[in-house]
Amino acid sequence: GAGVSQSPSNKVTEKGKDVELRCDPISGHTALYWYRQSLGQGLEFLIYFQGNSAPDKSGLPSDRFSAERTGGSVSTLTIQRTQQEDSAVYLCASSLVRVGEKLFFGSGTQLSVL
Amino acid sequence: DQQVKQNSPSLSVQEGRISILNCDYTNSMFDYFLWYKKYPAEGPTFLISISSIKDKNEDGRFTVFLNKSAKHLSLHIVPSQPGDSAVYFCAASEDDKIIFGKGTRLHILP
Numbered sequence: 201g202a203g204v205s206q207s208p209s210n211k212v213t214e215k216g217k218d219v220e221l222r223c224d225p226i227s228g229h230t231a232l233y234w235y236r237q238s239l240g241q242g243l244e245f246l247i248y249f250q251g252n253s254a255p256d257k258s259g260l261p262s263d264r265f266s267a268e269r270t271g272g273s274v275s276t277l278t279i280q281r282t283q284q285e286d287s288a289v290y291l292c293a294s295s296l297v298r299v300g301e302k303l304f305f306g307s308g309t310q311l312s313v314l
Numbered sequence: 147d148q149q150v151k152q153n154s155p156s157l158s159v160q161e162g163r164i165s166i167l168n169c170d171y172t173n174s175m176f177d178y179f180l181w182y183k184k185y186p187a188e189g190p191t192f193l194i195s196i197s198s199i200k201d202k203n204e205d206g207r208f209t210v211f212l213n214k215s216a217k218h219l220s221l222h223i224v225p226s227q228p229g230d231s232a233v234y235f236c237a238a239s240e241d242d243k244i245i246f247g248k249g250t251r252l253h254i255l256p
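Protein chains in written order, with the working numbering: chain A, 201 to 314; chain B, 147 to 256.
By construction, these hints were calculated from the structure, which means they are not laboratory data. One thing to keep in mind: the hints can contain errors.
Unchecked claim - Computed Cβ-Cβ distance ranges for the label pairs, DEER-style:
{"#": "1", "chain 1": "A", "residue 1": "T276", "chain 2": "B", "residue 2": "S156", "range": "34 to 44 Å"}
{"#": "2", "chain 1": "B", "residue 1": "D241", "chain 2": "A", "residue 2": "E285", "range": "39 to 49 Å"}
{"#": "3", "chain 1": "A", "residue 1": "Q310", "chain 2": "B", "residue 2": "S156", "range": "18 to 28 Å"}
{"#": "4", "chain 1": "A", "residue 1": "G216", "chain 2": "B", "residue 2": "K243", "range": "30 to 40 Å"}
{"#": "5", "chain 1": "B", "residue 1": "K214", "chain 2": "A", "residue 2": "A254", "range": "26 to 36 Å"}
{"#": "6", "chain 1": "B", "residue 1": "N203", "chain 2": "A", "residue 2": "E214", "range": "24 to 34 Å"}
{"#": "7", "chain 1": "A", "residue 1": "Q310", "chain 2": "B", "residue 2": "S215", "range": "32 to 42 Å"}
{"#": "8", "chain 1": "B", "residue 1": "K243", "chain 2": "A", "residue 2": "V274", "range": "15 to 25 Å"}
{"#": "9", "chain 1": "B", "residue 1": "K217", "chain 2": "A", "residue 2": "G271", "range": "38 to 48 Å"}
{"#": "10", "chain 1": "B", "residue 1": "Q149", "chain 2": "A", "residue 2": "R281", "range": "40 to 50 Å"}
Unchecked claim - Mimicking DSSO-like on lysine-lysine, the simulated pairs with C-alpha atoms at most 27 Å apart in a straight line are:
{"#": "11", "chain 1": "B", "residue 1": "K217", "chain 2": "A", "residue 2": "K302"}
{"#": "12", "chain 1": "B", "residue 1": "K151", "chain 2": "B", "residue 2": "K217"}
{"#": "13", "chain 1": "B", "residue 1": "K248", "chain 2": "B", "residue 2": "K202"}
{"#": "14", "chain 1": "A", "residue 1": "K257", "chain 2": "A", "residue 2": "K211"}
{"#": "15", "chain 1": "A", "residue 1": "K211", "chain 2": "B", "residue 2": "K248"}
{"#": "16", "chain 1": "A", "residue 1": "K302", "chain 2": "B", "residue 2": "K243"}
{"#": "17", "chain 1": "A", "residue 1": "K257", "chain 2": "B", "residue 2": "K202"}
{"#": "18", "chain 1": "A", "residue 1": "K302", "chain 2": "B", "residue 2": "K151"}
{"#": "19", "chain 1": "A", "residue 1": "K302", "chain 2": "B", "residue 2": "K202"}
{"#": "20", "chain 1": "B", "residue 1": "K151", "chain 2": "B", "residue 2": "K214"}
{"#": "21", "chain 1": "B", "residue 1": "K248", "chain 2": "A", "residue 2": "K257"}
{"#": "22", "chain 1": "B", "residue 1": "K214", "chain 2": "A", "residue 2": "K302"}
None of these values were measured; they are calculated from a predicted model. Ideal placement from N, C-alpha and C gives every residue a C-beta, glycine not left out.
I would like the entire structure built from these sequences, with the hints used as guidance.
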């Protein structure tokens, strides 16, 4: 596909379970970002990957959150032992080269922790 | 502490009039500013950007103004159309991180 693809589009889980969210960036885009949007809030930066460089993890809210990017393409965001406050829309974005270039966002994964 | 602030959660504008969305920032090292538009259940889409070395960038009905001394930027939409009703996010970048504001919901009234 031509755009950023995220799966699943919706995920309902029970408190304490682990979840994995997937992002397929646009082919050839070297930069990949994860953001989350909680109800009534803005876009909160989580993590940034650029090529083969070490990721910028400064936005991850706790050690329950981790992300990896395999082969410079697909990325997975993992949340362990989910809590109710993790409920949010998780958005992935990619860009061609670097910041300043516009980001292309996926439609997001709506995560609901019961 | 919020580095990018959009102090108006919502704004209502009559169709055909000018919509002005405002954004303030605190980090003088930001070198690029962007506006994104978001419809419900969709990801944000890029609208317009401006480099810190410029003070104005125009693209059709959309113009972004940057006042570096005031650390303020604004997005002007003229004339406003019904399809402009959406949430608008201001964003700023430094090195390889993009920071977003909380957004302003724009309602275009018929």
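Okay, the hints, checked on the actual structure:
| no. | hint | result |
| --- | --- | --- |
| 1 | A:T276 / B:S156: 34 to 44 Å | 35 Å, holds |
| 2 | B:D241 / A:E285: 39 to 49 Å | 29 Å, violated |
| 3 | A:Q310 / B:S156: 18 to 28 Å | 22 Å, holds |
| 4 | A:G216 / B:K243: 30 to 40 Å | 31 Å, holds |
| 5 | B:K214 / A:A254: 26 to 36 Å | 32 Å, holds |
| 6 | B:N203 / A:E214: 24 to 34 Å | 48 Å, violated |
| 7 | A:Q310 / B:S215: 32 to 42 Å | 41 Å, holds |
| 8 | B:K243 / A:V274: 15 to 25 Å | 22 Å, holds |
| 9 | B:K217 / A:G271: 38 to 48 Å | 40 Å, holds |
| 10 | B:Q149 / A:R281: 40 to 50 Å | 30 Å, violated |
| 11 | B:K217 / A:K302 | 21 Å, holds |
| 12 | B:K151 / B:K217 | 11 Å, holds |
| 13 | B:K248 / B:K202 | 23 Å, holds |
| 14 | A:K257 / A:K211 | 23 Å, holds |
| 15 | A:K211 / B:K248 | 24 Å, holds |
| 16 | A:K302 / B:K243 | 12 Å, holds |
| 17 | A:K257 / B:K202 | 33 Å, violated |
| 18 | A:K302 / B:K151 | 20 Å, holds |
| 19 | A:K302 / B:K202 | 18 Å, holds |
| 20 | B:K151 / B:K214 | 15 Å, holds |
| 21 | B:K248 / A:K257 | 21 Å, holds |
| 22 | B:K214 / A:K302 | 21 Å, holds |
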